[in-house]
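Enquirer: Going line by line, the protein sequences match chains A and B.
If you number the first sequence the way the working numbering does, the last residue is 292 and the count never jumps.
If you number the second sequence the way the working numbering does, the last residue is 697 and the count never jumps.
The hints are simulated quantities; they were obtained by calculation from the structure and are not laboratory data.
No experiment lies behind these values; they were computed from the predicted model shown.
Careful, some of the hints might be misleading.
Below, simulated BS3-like cross-link-like pairs (lysine-lysine); rule was C-alpha separation at most 30 Å, straight line [what the hints assert, rightly or not]: (1) Lys-641(B) / Lys-572(B); (2) Lys-526(B) / Lys-577(B); (3) Lys-362(B) / Lys-236(A); (4) Lys-577(B) / Lys-237(A); (5) Lys-47(A) / Lys-577(B).
Per the computed footprint, the stretches of chain A lying under chain B, defined by three or more beta-carbons under 8 Å from a beta-carbon of chain B, are [what the hints assert, rightly or not]: (6) 81-89; (7) 126-139; (8) 146-153; (9) 190-204.
We treat Cβ as the ideally placed atom computed from N, Cα and C, and that holds for glycine.
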Amino acid sequence: MAKVFERTNGLVDIPTHYCPGCTHGIIHRLVGEVLEELDVLGETIGVAPVGCSVFAYNYFNCDMHEAAHGRAPAVATGIKRVHPDKVVFTYQGDGDLASIGAAEIIHAAARGEKITTIFVNNAIYGMTGGQMAPTTLVGQKATTSPFGRDVSHAGMPIKVSEMLATLDGAKFVERVSVHNAKEVRKAKKAIKKAFELQLSGEGFGIVEVLSTCPTNWGVTPVEALSWLEENMIPYYPLGNIFSPKEAK
Amino acid sequence: MTKVLMKGNEAIGAAAIKAGCNYFFGYPITPQNELPEYMARELPGVGGVFLQAESEVAAINMVYGAAGAGARVMTSSSSPGIALKQEGISYIAGAELPCVIVNIVRGGPGLGGIQPAQSDYYQSTRGGGNGDYRHLVYAPATIQETVDLVMEAFDVAEQYRNPVMVIGDGMIGQMMEPVEFKEPKKRPIAPKTWATDGTKGKRKPNIINSLFIDPQELEDHVLRLEKKYDEIKKNETRYENYNVSDADVVVVAYGTTSRIVKNAIAKCEEEGMKVGLIRPITLWPFPDNAFEEITDKTKGVLTVEMSTGQMIDDVKIAVNGKKPVHFYGRTGGMVPTPDAIVEEIKKIARGEK
């Protein structure tokens, strides 16, 4: 019988710590599959963030470097400048990347740093217990926006992909989601393209992946998938925002 | 080998490149700018990389990444910039990576000024970063000594897998003196089998990390670091002692200040006084042993600093109540004069202080 599904060698065979219904596991798997398919696991150095995916360094089957909150793009820059022939990626959440690490990601993109960033956006701080993130939607409740995000007080959520796409150093920017099987397949395609772009030496690539947080959103895992589709996608539209082909 | 006349900041850059430093990540701040400028000019020619980061915070984290990737890497800054780098230094110490950090100290607090000062003693030796960590701090007094210590710092950092800081001040950074580049002594440096340079499918993944969620694991890690710091204390403590065992007054000073103190001591000697000097070359580890030479003859110890008194805490610990410890300092970029120091020494000798 033909084998239709197996564990990817891109991930280490250990259980992850993620909450039930969290889509970090799917996104990890997509990155692992892509690195395995591109046959670059032995040449890859990943940088893990602070936040829910802080332990990502334990899960990917390649060399990993832990970074302080928000500093993953700077750490990745240091690694890539030492090993320009290696594949270097950062895996970051929205608190890490869009808030405390906003400067680092903007300047890595502006420099055209030849790294790939997997940006997981679940519109909330997960690890620290559900506080408001720069990506928290207007009206969305969080522990530090208990009455819902109020624009007059906290401003509008940041559309990171659109912002980075304005920078000439960013060569691939795409927003994807993992709320259903069809979108998961599209997400994998985008992640693969971003890594291929790094391998061809073009410049900075980022894939923003809309993700769920049933625990801190206070909904069931299934409800979380619908909540993402109904609330996040209208504000964070999916699709390619900037790619080398469009640039021509 | 011939001596060349070099400006301090540029001599540091030249020493680093001669020591095999191929990567420099920095951010401009006065009075150390000639150093990154030198690296920007010279590193590409030797196949290295100079990169101007978007901030000091990014610069030290680039150092963190490059050090983890196995490179010989350096950054430099001045006081408020080093304050920003302290978080990264804590991570580098926690992850046990080698790197060299140069601090050309200026007056503070806050933006302070740009003139020479020694008010970063606490920041350098206590660390502004979080947690139980230590790093070696060299405080050279001449540009030749700066060059020697910068060259050695890279080897020391790799031998112990720990950040090493070299501190000077605007005077060290800006003045010119003749220097000679000498090979440092050979040290036992293990191959960097821990570096994140790709498994190539031949080994298990390497992980550079300073996170230990299990308290027992973290305590074990911190205690292991503590043992390493004890080794550094035992092997790497350095100081210069001058006439300490025969002195009526012993002066303690480091870096630029020690040069002014030497002039003051020469003046005292012309008047027939016996004045000793203890000059710490490593601020951490502090040379407690140097104080064992002080005899009953000594009336008191005078600490001279370009600060309101920071090293004096370590001096008091080293003297351990055996003699009175006095302080004279200027701060804010003001430099003590030899005459003012002579006056303080005389007060102690006369028993007026």
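Enquirer: All hints are to be evaluated individually against the structure, with a verdict given for each.
Expert: Against the structure, the hints:
no.	hint	verdict
1	Lys-641(B) / Lys-572(B)	violated, 37 Å
2	Lys-526(B) / Lys-577(B)	holds, 25 Å
3	Lys-362(B) / Lys-236(A)	violated, 42 Å
4	Lys-577(B) / Lys-237(A)	violated, 52 Å
5	Lys-47(A) / Lys-577(B)	violated, 60 Å
6	81-89	holds (count 5)
7	126-139	holds (count 3)
8	146-153	holds (count 4)
9	190-204	violated (count 0)
Hints 1, 3, 4, 5, 9, counting from the list given before, are not met by this structure.
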